[in-house]
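Take these sequences, add in the hints, and give me the full structure.
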Amino acid sequence: MGSQIWVMGICVWMCVFSCGFISVSSRTVGDGTVFIEGKAAIGRIDDDFVCATLDWWPPEKCDYGTCSWSRASLLNLDLGNNILLNAIKAFSPLKLRLGGSLQDKVIYGSEEKQQPCIPFANKTSEMFGFTQGCLPMHRWDELNNFFNKSGAKIIFGLNALYGKSIQSDGSAIGAWDYTNAESLIRYTVKNNYTIHGWELGNELSGSGVGTRVAADQYALDTISLQRIVQNIYNGIEPKPLIIAPGGFFDANWFKEFLDKATTSVDVVTHHIYNLGAGVDKHLVERILDPSYLDGEANTFRGLHNILRTSATSATAWVGEAGGAYNSGHNLVTNAFVFSFWYLDQLGMASAYDTKTYCRQSFIGGNYGLLNTTTFEPNPDYYSALLWHRLMGRKVLSTSFSGTPKIRAYAHCAKHSKGITILLINLDNSTTIQAKVAFNSSWSLPHKARAHKKSIYQLLGDYESESTREEYHLTAKDGNLHSQTVLLNGKTLTVNSSGDIPSLEPLYANSSNLIKVDPFSIVFAHIPNLVLPACM
-13 MGSQIWVMGI CVWMCVFSCG FISVSSRTVG DGTVFIEGKA AIGRIDDDFV
37 CATLDWWPPE KCDYGTCSWS RASLLNLDLG NNILLNAIKA FSPLKLRLGG
87 SLQDKVIYGS EEKQQPCIPF ANKTSEMFGF TQGCLPMHRW DELNNFFNKS
137 GAKIIFGLNA LYGKSIQSDG SAIGAWDYTN AESLIRYTVK NNYTIHGWEL
187 GNELSGSGVG TRVAADQYAL DTISLQRIVQ NIYNGIEPKP LIIAPGGFFD
237 ANWFKEFLDK ATTSVDVVTH HIYNLGAGVD KHLVERILDP SYLDGEANTF
287 RGLHNILRTS ATSATAWVGE AGGAYNSGHN LVTNAFVFSF WYLDQLGMAS
337 AYDTKTYCRQ SFIGGNYGLL NTTTFEPNPD YYSALLWHRL MGRKVLSTSF
387 SGTPKIRAYA HCAKHSKGIT ILLINLDNST TIQAKVAFNS SWSLPHKARA
437 HKKSIYQLLG DYESESTREE YHLTAKDGNL HSQTVLLNGK TLTVNSSGDI
487 PSLEPLYANS SNLIKVDPFS IVFAHIPNLV LPACM
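Residue numbers (this note's numbering): -13 to 521.
Since the hints were derived computationally from the structure, they do not count as laboratory data.
Each residue gets a CB set at the ideal place from its N, CA and C atoms; glycine is no exception.
It cannot be assumed that every hint is accurate.
[What the hints assert, rightly or not] Here are the computed distance ranges between Cβ atoms for each label pair:
hint, residue 1, residue 2, range
1, S78, T110, 37 to 47 Å
2, Y219, S78, 24 to 34 Å
3, K476, P224, 32 to 42 Å
4, K476, E97, 47 to 57 Å
Here you go:
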């Protein structure tokens, strides 16, 4: 399968590239139908489904010839930047997961810690090229004051390797020494800082990255974390979520972990970098290949089945997803083309009952939602904000007939009546005119009853008066490598005060077909289509 995808990808690459960049070529018109099962939801996402990550890499961190992490580290992030503050506030709220590769090398300079709080230092012989580093409590105070002002909901990743011994075979042996983490949690509660969830460890599951922890020991460590949280938060409600393991999905490891962790874990997190390394030259062709995108469904399906058949009540999150590892790729993972992958991931994850999806990163590397130098939003930021505002909690079974180049997802609308449809056109030359059809095996309202002839009913058969809202996203000048995105033909950019622009829709008659231009993304909110699943 991999070699077939590779060959197909090369063909796509040759077809869509001209003059050194991706652009829309001469156009044709096709049609298709969005089929929506409206009787019952197939999944439910959190109201604050969209999440992003912030990392620990110190200022001198340089990845593969670039030093783009310098302003993005949790240790020196400019918390006085208006764009940064406004970008978080616009979500009201945005979940932020604090963690990443150096998470398991961070110690906390809390009151119980007697040693000096020494920062990270380069050391090539150490895992990830850095020594152990320390989070000073004055920085923890600054971060929490900023997060409180921004309205963000914080997930903090704890050091799961503290007290363990790293063996020559790469395994980490021994019980977690939770004393330092316990002191941080006590300090946090003492200062009335709100933490939405405490996550234990980063990429230590299965074969691990850098090192690994066996599933049975990880379960014991998670039970210890739950006991600490229950004790320290005694009498405080709501208590933070217990989250683990924050690693790549390994079916056998995850099943054993859940069987032994029993009720100690609230959320099971896994990471996704399914496109390959950031330096890979074939990222774009994979993003534009529907069969390649479909491959990640196996991960979502596998975890969903384990949770469904396990005794646990834990839910699934994507705890970190940057698509391409090692910081992504400039002008790909921070450009318009990446919204195809990102929004498809949000839609696919939702369909498998994933409750939250954390994008790597909010700022940092070449896959940030914000530009690391200017802090201005990259295209994916606006894609995420539209999803957050339009796609409601209930997920509807959705399919598209007509071309495999259209990716289609639908949810009950958010904070309003009706449904919202997301259509992603991966074709560089074909405009799709999409009909909307819904399951009509239930009792239909007024006009629709007279047209009940089959399992599915076309929306246009009975609706001719109401309007829908449309949000069309395209790349500036048709260049998919552009970091400027257009909404309904207008450039999205912050103003001189750092304010996030308003996202205004176009209005169309609900009976009209939905036009999806080549290499474009459309959100369509249809308020008058009220399905049983959304009642």
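Checked hints:
Between S78 and T110, the C-beta spacing of about 43 Å keeps the proposed range 37 to 47 Å intact. One distance hint, 24 to 34 Å for the beta-carbon pair Y219 and S78, holds here, with the actual separation near 25 Å. Take K476 and P224: their Cβ atoms lie about 41 Å apart, and the range 32 to 42 Å holds. Remark: the range hint 47 to 57 Å for K476 to E97 is upheld by a beta-carbon distance near 52 Å.
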